[in-house]
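Once you have looked at the hints, place chain B on chain A.
Chains as they are written, first to last, in this note's numbering: chain A, 51 to 402; chain B, 2 to 229.
Please note that the accuracy of each hint is not assured.
A partial selection of chain B residues facing chain A, derived with a Cβ cut-off under 8 Å [to be verified]: (1) Leu56; (2) Asn110; (3) Met156; (4) Val176; (5) Val179; (6) Val180; (7) Leu181; (8) Trp184; (9) Arg194.
Honestly, the hints are just simulated from the structure, not real lab data. All C-beta atoms, glycine included, are put in the ideal place defined by N, C-alpha and C.
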Amino acid sequence: MAKSRQIFLLSILLMVIPLLVGAQERRCLLCHGKKDFRAKDTAGKERSLYVDETIFRGSAHGKLSCVDCHLDTMELPHGKRLKQVNCGDCHYRGRTFGQGPAIEYLLYRDSVHAKERQKGNMKAPDCASCHGTHDILSRTDIHSRGYKLNIPEQMCGRCHTKELADWKASVHGPTAHKGDLNLPVCTNCHTEHGIRRVADPGSTVYATNIVEMCIKCHGDFSIMQRYGKNTEEVESYYESFHGVATKFGEKNIAHCASCHGYHLILARNNPASSVNPERLPATCGQPKCHPGATANFAKGKVHVNPKNRESGIIYWVALGFKWLTITVLIVLFIHIFLDFLRKVQERRKRGA
Amino acid sequence: MANKDDYIQRFTVSERITHILLFSSLIILSITGLTLKYHESGLAQWIIRMEGGVLFRGKIHRLAALILMGTFAYHILSIIFSRRAHAFFQDMIFRKDDLSCFAAIFKYNLGLQKELPAFDRFTCIEKFQYWAVGIAVVLLSASGLVLWGETLFMMVFPKWAIDLNHIIHSFEATVGFVVLVVWHLYNVHLNPRVFPMSKVWLTGKVSKEELKRDHPLEYERRFGNGQE
Chain A
51 MAKSRQIFLL
61 SILLMVIPLL
71 VGAQERRCLL
81 CHGKKDFRAK
91 DTAGKERSLY
101 VDETIFRGSA
111 HGKLSCVDCH
121 LDTMELPHGK
131 RLKQVNCGDC
141 HYRGRTFGQG
151 PAIEYLLYRD
161 SVHAKERQKG
171 NMKAPDCASC
181 HGTHDILSRT
191 DIHSRGYKLN
201 IPEQMCGRCH
211 TKELADWKAS
221 VHGPTAHKGD
231 LNLPVCTNCH
241 TEHGIRRVAD
251 PGSTVYATNI
261 VEMCIKCHGD
271 FSIMQRYGKN
281 TEEVESYYES
291 FHGVATKFGE
301 KNIAHCASCH
311 GYHLILARNN
321 PASSVNPERL
331 PATCGQPKCH
341 PGATANFAKG
351 KVHVNPKNRE
361 SGIIYWVALG
371 FKWLTITVLI
381 VLFIHIFLDF
391 LRKVQERRKR
401 GA
Chain B
2 MANKDDYIQR
12 FTVSERITHI
22 LLFSSLIILS
32 ITGLTLKYHE
42 SGLAQWIIRM
52 EGGVLFRGKI
62 HRLAALILMG
72 TFAYHILSII
82 FSRRAHAFFQ
92 DMIFRKDDLS
102 CFAAIFKYNL
112 GLQKELPAFD
122 RFTCIEKFQY
132 WAVGIAVVLL
142 SASGLVLWGE
152 TLFMMVFPKW
162 AIDLNHIIHS
172 FEATVGFVVL
182 VVWHLYNVHL
192 NPRVFPMSKV
202 WLTGKVSKEE
212 LKRDHPLEYE
222 RRFGNGQE
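Just chain A, same shape as in the assembly:
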């Protein structure tokens, strides 16, 4: 009898546990499910503590329960303020579920954002500042903050407003690309989690690295072709003194952005563009570059490639010199060969 009672109790328990787990969510939502559930935060500012269950269930973490992330919930209702959720509990250390060890966490740790927070600047973003909290969606979801076209406005641009406005007005902005997914957003140049200061040599946009960023697209003919452009600018840049010096690690030499700008890159025919012929002298004539540059700086192609027929006289003179060199070499070698034979002969005769 006793045994059958034990089995009965165990099966009841097994049936009840899932109900209890579900019930726990119910219990959290007893308070947090109320739209007007509010409390003052440490700064004394009143904040909503409402969690929309539908949104949470539809999010990337919808299958988790509240206490999977809010680990310090020991009793319900929890009396004291809960600690901020540490995303790294899953996204770095790895658990039985969750993403497991991920590089993003390490990249973020060395980023300018994390370093600013360490210094005490709490305006710098942590995970939730960009990704959100209960409403995180997969980046492939068109409504996600992390969806490529949403990144500038919903993530970076919320703080970096000037950069956002510049980018939106530029040739790289959404107006110029009309929903085209090939456009570069913030993260294409600055990377996602490991963003660093421009002055940091480890930054992807550091003076000697930035060209590599631009040529990801501008050096790729299959991409440029779609916009009726080619990759000649990149080739001619690398042939120019600016390009060679940058490649050898000189950081005070013109790279793409020195002339074209950073966020507000405009087409050459736009009068506001830094490379518009009208404004080019001022761009070249920056104090640390070519002070005193005149309008003559704009007379002639800038990205000139001597190997290209379109370069006109420069192409022809270069070609002429190339053939002159080859002819001189051939004539000299013939002459030397004959002269050498003759003199060897002479020597043998004399020796004999």
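Frame of chain A; chain B shown alone:
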């Protein structure tokens, strides 16, 4: 050993120093210049690093250019003011028979002609080398100065002119380098008559025998009709 009297003075001390300054600045200019032109090759990249980077390489290049231009100016001044240098220059001027001289040398080397034409103080090959270097130095100095003061230059000339100037500087230098390295080094080093090296550039002296063989007309002028 040959008697001291068997030798004649072909180059003075001043001429030898001019030559040393000329070739040492040209060697430095070639190394610092060509490595920039052929920056894609691994060897050039290694040399540029040895030279202290792209920008310092430029400083070395300009310093050597100043030495070269100084040497050139000294040469021009001595042609004007020194009697000996004036005569040297006059002997370097191409004459009518220098045209046929090139053809004759070619024919001789092919075995179509038994004897070389009788040369005076400078053979047509030596004259050609002198003028080739002279013209190259003028062209390269001029275009180099333009590159040096490009902003100044572009106050008057458009950008395409400086691009053209750049092309001329780099390609003219390449032609000059090819001629010097291939031809001159052959003539004074690998040439079986002088291998491993003609010592004229150091001693300034040539033997009478050599003079008679290489410059018979001059020999005749100096020592009479070979009866000596």
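_Hint check, failures only_ = 7
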